[in-house]
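Q: From first to last, the protein sequence lines stand for chains E and S. Take any residue in the first sequence, note its place counting from 1, add 13, and you have its number in this note's numbering. Take any residue in the second sequence, note its place counting from 1, add 136, and you have its number in this note's numbering.
Check each hint, because a few of them may be wrong.
To be verified - Partial pick of chain S residues on the chain E-facing surface, computed with a CB cut under 10 Å:
1) Leu269
2) Val290
3) Ser293
4) Ser363
5) Ile428
Hints were generated in silico from the structure; no laboratory data involved. C-beta atoms are modelled at their ideal positions from N, C-alpha and C, and glycine is treated no differently.
Each chain is listed here by its residues.
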Amino acid sequence: MDGHTQETEPQHAHHAPRTPEEEFLRRKFSKFYEKSRLNVLRPESREFGFGGWEKKIEFRHIRVKNEEELRTRLVNEAPLYISHSVAYYEYPDARPMVKKNWLSADLVFDLDAAEHSCGKFTCQHCMEKVKEEARQLIEEFLLPDFGFSKGELSVNFSGSRGYHVHVRSEAVSTLDREARREIADYVTGTGLLFDRLFWKEGKKFFGPKPTDGGFGGKFARAFMKRLEDEEFALSISRKLKKPEEKAKLLSAIQAGNYDNIGIANREEKLQEKFSQMKLTLAGRIDSNVTADTSKLIRMADSIHGGSGFAAKSVSSLDSFEPMRDAPIFNEGEQKVKVTEAVPVLVIKEHSFGPFSVGTTATLPLACAIYLLCKKAAILA
Amino acid sequence: MADLLFCSRYPFTSQAKDYVTQSGLELTFSLVEKAEQRVTNALVSGKVKRVAELPEAREEELAIYAGARMIVSSAANRYIINRYAVAEAKRAGEYLASDDASNAEYVALVAGEFGVKFEKKGKDFLVPLAAYLSFTPRSMDYKLTNREVEKGFVLVSRHERIRMLEEAVKKKIEESLPIRAKFSEDIAEAGKRMLSLIPKIEVATVSVGQENYPPCVKKMLEDLALSINLPHTARVALAIYLVSVGVPTDRIVDYFRHAPDFSEKTTRYQVEHIRTRKYNMPSCSTMDSYGICIAECRCGTPLRYRDAIHGARLRRIASEKKD
């Protein structure tokens, strides 16, 4: 199958000459890859994709025989972005895709702050939010619902504004796109219907118990918790001001019997609360990534060329601080000229900015590389 | 000692296969006739008849099943294979439903055939997540989102469990056919006769005469005509392509008519939506990552296939060769 590499377009063909900034970054990255940990399971069965100044994936269908060959290529070519397939193939370099002979794939979840992002530069608030979403994905879906063990999960910072969660579990490794789409839909609550969680038997009205699995149980538990809030309770019925009425409702939920809760228009009220609450119960992931069984995803612990940060493996989300833990070029300084307004930023312990266009500054290397990667500065 | 009753009801199981191999069952002329009848029923009415299960007929039933598979294989046509598999799965589903009441160990045995173990919970059953996703039909009724999912298991009702096994049987039969072998004259003849049972309209749609469509589009049209379920991304790509090359909505809807889950209203709405919103054709590399690229045409986007084949690109390659 080696013939396939020859079929791919000649690499480095029609290429614009590299800018000094790109050359500078590639030299730094190359140096880093000489000794860095290459965190990729079964590299020989993955398709790799390398990116440059213009595109995050410039060349794909790349195959390496082993970790050593991967290292050699990273040191020699110093790509600005390194991705590998979530899939394991028999012939990772074959084209078209069907000829690769797909064997199995990790199940991956991509969380990105882009959805509530406020601009080009990394924002503390957004980073906190997406970290919380990653924690929710793991603690409310992957462990309790899907039953994965902690050992089957590995989490890494994306290197930019999000997190990737890789699930390596034989139980789900051969699931096809459609099945993975179902998993993604489950996490995002897509297709969640009130009528499926609540039902009537004759005149009786039943619904989920807090001990139930799935979104039913999630709703029942969240609903009971929300009822502690006086304002929320009263928005359902004035009667819930009385402790005995509230206790009656709570025990009805416990039993999954919503019949006798003494609330006028109980169905409409419940439906209304359900619609309000379902969004907070669902996770926010990029479903297309999860469903794509041949997705190329950032290699954990490689450098993200859009920030100069490592796509760092995270052992504990709670204690991980991207702006503190992900920068890698922590020694030295570099003089740069700012080409785009930069707000106050904190990388490691260094606070810098704000800078207006045209400012020249000598910055700690990690900060300078960050601005160069963001294309907000040039070498000075 | 093989359980012949079990084998005759569930002839796709490994136990049944072993029995057939060991006993050296022979396909006599009359059995080939019966096998042909079995396939014919599947194709025409969508059903394989259940027959009276006299002990002496059980072996025969196994031989007929083997013969039917050979006939289907000899015809070597996806439409026939899929329709036959659906009918066999229905037959198995009926047996499973009745065995569930009287012969529960049979149900467990069939489930075991697919590596699935159902655990009882109250009057329902727990099934491992992966098995649930692999063997439930893609429909709103089985949407995982509305299911009780806990610790890697999904709760299903007694009836749904049987329905899942039916789906598993269908998949297994679909995937195991066609058998690649040289068949005897009478089997081959029967296979040929089966081809004439394919509804005419299907054949007509396959040969749409769109020689200039790229291979991926042709393949999707063929799959649709054969009632092969296309994933959502493929359907969208196909519709965008057809809209882009100027095929009218009515015609596009007709192409989708054979999709197993066809709904005229939804299809029409979606095609119109694509038309008014002017969706962009996915590039070849996107098509490839969807898993629907089947050739290396090097045209960048399926829309440029005609140019690529007949026009500028060929000329350029020719001039490059001269250099």
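Q: If a hint holds in the structure, say so; if it doesn't, say that too.
A: Now the hints, each set against the structure:
no., hint, result
1, Leu269, "holds, 4 Å"
2, Val290, "holds, 8 Å"
3, Ser293, "violated, 13 Å"
4, Ser363, "violated, 16 Å"
5, Ile428, "holds, 9 Å"
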